[in-house]
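If you want the building blocks of each chain, they are given just below.
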Amino acid sequence: MNESLTESARDFIRAAAGGLVIGLPLLYTMEVWWHGFILPPWKVLLLLGVAYLIVIAFNAISGFRRERTFTELIVDSTAALGLGVVIAFVALLVLGQIDGSTSLRDAAGKVGLEAIPIAFGASLAATELGGDESGGRSGTGPFERVLVGAGGALLFALNLAPTEELVMLGIVASPGLLIVVVGATLLLTLALVFYADFGGRKRVKGDGPLEHPWSETLAAYAVSLGVALLLLWAFGRTDDASGQSVAGMTVMLAVMASVGAAIARLLVGGHDEAGQDK
Amino acid sequence: MKRNAVEWAVVIVALLSIALLVGVLVVEAFNGSRPPDPSIELRQSEAHQGTLGWIVPATVTNVGDQAAEAVVLEATATVEGEEETSELEVNFLPGGTEVEIAFSFSAAPTGEVTVRLVGYRVP
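Those sequence lines, one after another, are chains C and E.
Take any residue in the first sequence, note its place counting from 1, add 156, and you have its number in my numbering.
Take any residue in the second sequence, note its place counting from 1, add 1241, and you have its number in my numbering.
Pulled out of the complex, with its shape left as it was, chain C reads as follows (with noise of 0.2 Å):
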């Protein structure tokens, strides 16, 4: 009892501290701040939403409690998003961004916002750096690695979307030199996942439409454009803009979210190399 007591203190604040490494960088991005009392309310209910969806997915498909059933999954997912909801209270107090003279609003939109990055780190930490997991996890179906990859997406980029460096490299890039940037991260995502070879896993090809190193890039490009295109959204850069910025900033951080959701992908892994999960 003690024992089982002592290990869910330690899976705890794994997650937690694995929260905060990941979430730091956006705790101190002042544009966050400022989203979370310039956003509308429901525009920060929409993002949570969509990163609870993301921690949810993300944990049925890495989860290392491989016996748990749906409702376990919804209550894992749902102490991530609280843990960072949480974490992201407590360090805006501890950095001085909320005090006595912060509205409720402005308060709530910037826990709110901040909570996503520091979720997403509190399960990544719980499932995948957990050390008391012992190999052999099966491999993930093509489909789950581009869900995956949409987490990882939305997780990079995340750190770009507010910011102004974002939208000076989208409104000034020239059409041709967006092709340019198209093609780059195509190939750039390509190498990571498929022939750097991080961590050794090898990658078996199946016959599915989506088993091809090329389907795979151009899957999961397609989906970080869409992660980008929602977070600009969100963050109101679409707002007045034209239609070319839109697609300059759109591309431009879809080079982040594309890295992010490669190296999502490397994490869960591909087929055994047996490939007995067919």
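Note that these hints are calculated values from the structure, not bench results.
Just so you know, not all the hints are guaranteed correct.
To be verified - Residues of chain C clear of chain E, computed beta-carbon distances all greater than 12 Å:
no., residue
1, 194
2, 232
3, 258
4, 268
5, 330
6, 334
7, 346
8, 367
9, 378
What the hints assert, rightly or not - Example chain E residues on the side facing chain C (calculated, C-beta under 10 Å, incomplete):
no., residue
10, 1261
11, 1298
12, 1303
Said to hold, decoys possible - Chain C is nowhere near these chain E residues, computed Cβ spacing over 12 Å in every case:
no., residue
13, 1258
14, 1286
15, 1352
16, 1360
For each residue, glycine too, the CB sits at the ideal point set by N, CA and C.
Start from chain C and add chain E according to the hints.
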């Protein structure tokens, strides 16, 4: 999988904090549409002589719901028989939030200090 006391505590705190956050955001989503409305409260009693002038602390409050950006305020007072103005800009003023500022004059003003809102940007 059975959960122990630590796990239950985490889950309960998580649920409560999410409910609180979502509750506040939902309430704010429904009643948070008043335009920005900066107001000011001068604290003459705390005014004091500083190195570069007579400092009058004040609190700016946005009594509206929406945030205002680049809020420019102008204080006017009579100093040694002449009218003097002091202007300053508040970068961001979220709805319902207070920001501490201070106006400065060359010497202690005689009579009232009046403050005018020059303008702001809607972010």
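Violated hints, by number in ascending order, as checked against the structure:
Structure breaks hints 1, 2, 3, 4, 11, 13.
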